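2 protein chains.
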Amino acid sequence: MGTAAMDRTERLLSPEELEAALRKIGAERYHSNHPFHRLLHDGKLTRGQVQAWALNRYYYQASIPAKDATLMARLPTPELRREWRRRIEDHDGDGVKPGGIERWLKLAEGVGLDRARVESTAEILPATRFAVDAYVHFVRDRTLLEAVASSLTELFSPTIIAERVSGMLANYDWITQDTLAYFTPRLTQAPKDSDWALAYVKDHADTAEKQEAVLAALRFKCDVLWSQLDGLYLAYVAPGLIPPGAFVPGEGA
Amino acid sequence: MGTAAMDRTERLLSPEELEAALRKIGAERYHSNHPFHRLLHDGKLTRGQVQAWALNRYYYQASIPAKDATLMARLPTPELRREWRRRIEDHDGDGVKPGGIERWLKLAEGVGLDRARVESTAEILPATRFAVDAYVHFVRDRTLLEAVASSLTELFSPTIIAERVSGMLANYDWITQDTLAYFTPRLTQAPKDSDWALAYVKDHADTAEKQEAVLAALRFKCDVLWSQLDGLYLAYVAPGLIPPGAFVPGEGA
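Which chain is which? The protein sequence lines are A and B, in order. Note that numbering that gives the first Met the number 0 has the first sequence beginning at 0, numbered continuously upward. Note that numbering that gives the first Met the number 0 has the second sequence beginning at 0, numbered continuously upward.
Hints were generated in silico from the structure; no laboratory data involved. This structure is a prediction, so every number in the text was calculated from the model and none was measured. In this text, a Cβ means the ideal position worked out from N, Cα and C, and glycines have one as well. Please note: incorrect hints may appear among the correct ones.
As the list claims (entries may be wrong) - Just some of the chain A residues that point at chain B, by a computed CB distance under 10 Å:
{"hint": "1", "residue": "27"}
{"hint": "2", "residue": "33"}
{"hint": "3", "residue": "41"}
{"hint": "4", "residue": "124"}
{"hint": "5", "residue": "128"}
{"hint": "6", "residue": "129"}
{"hint": "7", "residue": "130"}
{"hint": "8", "residue": "174"}
{"hint": "9", "residue": "184"}
{"hint": "10", "residue": "221"}
{"hint": "11", "residue": "225"}
{"hint": "12", "residue": "237"}
{"hint": "13", "residue": "244"}
As the list claims (entries may be wrong) - Label-pair ranges, simulated between beta-carbon atoms:
{"hint": "14", "chain 1": "B", "residue 1": "72", "chain 2": "A", "residue 2": "173", "range": "45 to 55 Å"}
{"hint": "15", "chain 1": "B", "residue 1": "27", "chain 2": "A", "residue 2": "23", "range": "42 to 52 Å"}
{"hint": "16", "chain 1": "B", "residue 1": "169", "chain 2": "A", "residue 2": "105", "range": "54 to 64 Å"}
{"hint": "17", "chain 1": "A", "residue 1": "249", "chain 2": "B", "residue 2": "27", "range": "44 to 54 Å"}
{"hint": "18", "chain 1": "A", "residue 1": "180", "chain 2": "B", "residue 2": "85", "range": "54 to 64 Å"}
{"hint": "19", "chain 1": "B", "residue 1": "249", "chain 2": "A", "residue 2": "173", "range": "39 to 49 Å"}
{"hint": "20", "chain 1": "B", "residue 1": "10", "chain 2": "A", "residue 2": "161", "range": "31 to 41 Å"}
{"hint": "21", "chain 1": "B", "residue 1": "186", "chain 2": "A", "residue 2": "108", "range": "45 to 55 Å"}
{"hint": "22", "chain 1": "B", "residue 1": "45", "chain 2": "A", "residue 2": "26", "range": "23 to 33 Å"}
{"hint": "23", "chain 1": "B", "residue 1": "34", "chain 2": "A", "residue 2": "249", "range": "17 to 27 Å"}
{"hint": "24", "chain 1": "A", "residue 1": "161", "chain 2": "B", "residue 2": "248", "range": "32 to 42 Å"}
As the list claims (entries may be wrong) - Chain B side only, calculated, beta carbon under 8 Å to chain A, not exhaustive:
{"hint": "25", "residue": "38"}
{"hint": "26", "residue": "130"}
{"hint": "27", "residue": "132"}
{"hint": "28", "residue": "136"}
{"hint": "29", "residue": "166"}
{"hint": "30", "residue": "222"}
{"hint": "31", "residue": "226"}
{"hint": "32", "residue": "229"}
{"hint": "33", "residue": "237"}
{"hint": "34", "residue": "240"}
{"hint": "35", "residue": "242"}
Next comes chain A alone, as it looks inside the complex (with noise of 0.2 Å):
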């Protein structure tokens, strides 16, 4: 059997238990245990293999704010949505001050790609476009409960963002702070986002089959993160099975 299994809830948990529960899901399951994520941050990885990571990854990043409207339009008052809201100003920014996905796009650039290029997705992953659309369809087609459980893998994050930036930063000397700018805000959006999504859940599942529900719900969502770290070690570390199509280190921009 597959771990699958191992999180079952037979009885209804405290919401203590059902937190431990959720973090026993990240400890296990969460892409900073995925070797790709080991070789960014050790600096063993290139720069086209670093390219490649931060082409497909944008259209994580800019696929969010789809991911949280259709979210925020099934959510019932004003309080809900404007908490909800806040994620997609934090990634599209207020037109001032810049949101992720420009903050991402400087990243690509600062690893060397073109703006255009990275914008088009065109050479992305088929398994980044199906696994960031699987979370997009999921956050529609769940029940909320399930929906606002599926973005509790923030609540692991600030580690693997911290791994990220010292990593890249100590390994990388073409890497500077102002390149990784990204992930600065995120250290302090991320927490305040998965407190909130956090006492939302342990308020709401109330049944044992709920319960159940939510720990699907992030392990679902640690296979969409994780999915697209497989897709990139396949294609980009070994055994460097690029499919058709997709981008190719040095070719092109």
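We have chain A already, so just place chain B on it with the hints.
Same frame as chain A, but now just chain B:
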């Protein structure tokens, strides 16, 4: 640039030119070109690797009637819906003659998998689930013309089926003709389906824009099939990076 731009049509193609452009996409991008397919029909895979293929591919087989029903729901006339209903009958059977899904379960059992374990889909790769679900969503969300065009990989399936069957029978003494009975009806069903879809596409793609959408739909569908083999290759061939919760050969059952 990715080859995504290669087949772009600036002017209106003749129906024959459009068919040639579609067949060119198949020649370049159909999963018969994937190293995992070659390993499979050359008999280079272990029984556990063939099991992983059968277990994952089941999710694709089981989702095809959902894809076809989604498409059929959008067809405007009884004549068109009857044409598409035949495809669903081919996969679901008529209650007496087993359909494609039942025959695939026989194949999975024939390579040593437990039927209920396969049907649960609990241990498939996220890459499989995301790619297959992307196909169902594509058929729901795109134009009817694009939805029909995305089925045109059937144009290329008789060749890959012949390679699979002959290669697997010749190279795996634990695979019998009976185990591969899934494929026999497909050799006549697939051409009937693709002849109809090809005629429909050649008839309805009457602007350069529609023709480009049709070509893009076939490229998308090739990506859906290709990325399923990418996932299997990464997890079960090299580097053997099995995602958390996915099927592990020799475990469970």
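Original post:
residue 161 of chain A and residue 248 of chain B, beta-carbon distance inside 32 to 42 Å?
Top reply: holds (37 Å)
Original post:
Against chain A, is residue 130 of chain B within 8 Å by beta-carbon distance?
Top reply: holds (5 Å)
Subject >> Status of the hint placing residue 132 of chain B at chain A (closest C-beta pair under 8 Å) >> reply: holds (6 Å)
**OP:** Would you settle whether the hint for residue 244 of chain A is holds or violated, based on the nearest Cβ-Cβ distance to chain B being less than 10 Å?
**Re:** holds (4 Å)
Subject >> Outcome for the supplied range 45 to 55 Å, where the beta carbon pair is residue 186 of chain B and residue 108 of chain A >> reply: holds (51 Å)
Subject >> Status of the residue 226 of chain B interface restraint (C-beta, 8 Å, chain A) >> reply: holds (4 Å)
Subject >> Range agreement (Cβ of residue 173 of chain A with Cβ of residue 249 of chain B, hint 39 to 49 Å) >> reply: holds (44 Å)
**OP:** With chain A as the partner, please determine if residue 222 of chain B meets the hint condition of a C-beta pair closer than 8 Å.
**Re:** holds (4 Å)
Original post:
Holds or violated: is the Cβ of residue 221 of chain A closer than 10 Å to a Cβ in chain B?
Top reply: holds (7 Å)
**OP:** Grab the minimum C-beta distance from residue 129 of chain A to chain B and call the hint holds if it beats 10 Å, violated otherwise.
**Re:** OK, holds: residue 129 of chain A within 10 Å of chain B, min 4 Å.
Original post:
Measuring from the C-beta of residue 130 of chain A to each C-beta in chain B, is the shortest one below 10 Å?
Top reply: holds (5 Å)
Original post:
Is 31 to 41 Å right for how far apart the beta carbons of residue 10 of chain B and residue 161 of chain A are?
Top reply: Violated - the Cβ-Cβ distance for residue 10 of chain B and residue 161 of chain A, about 54 Å, lies outside 31 to 41 Å.
Violated hints, in rising order: 3, 8, 9, 17, 20, 25, 29; the structure is consistent with all others.
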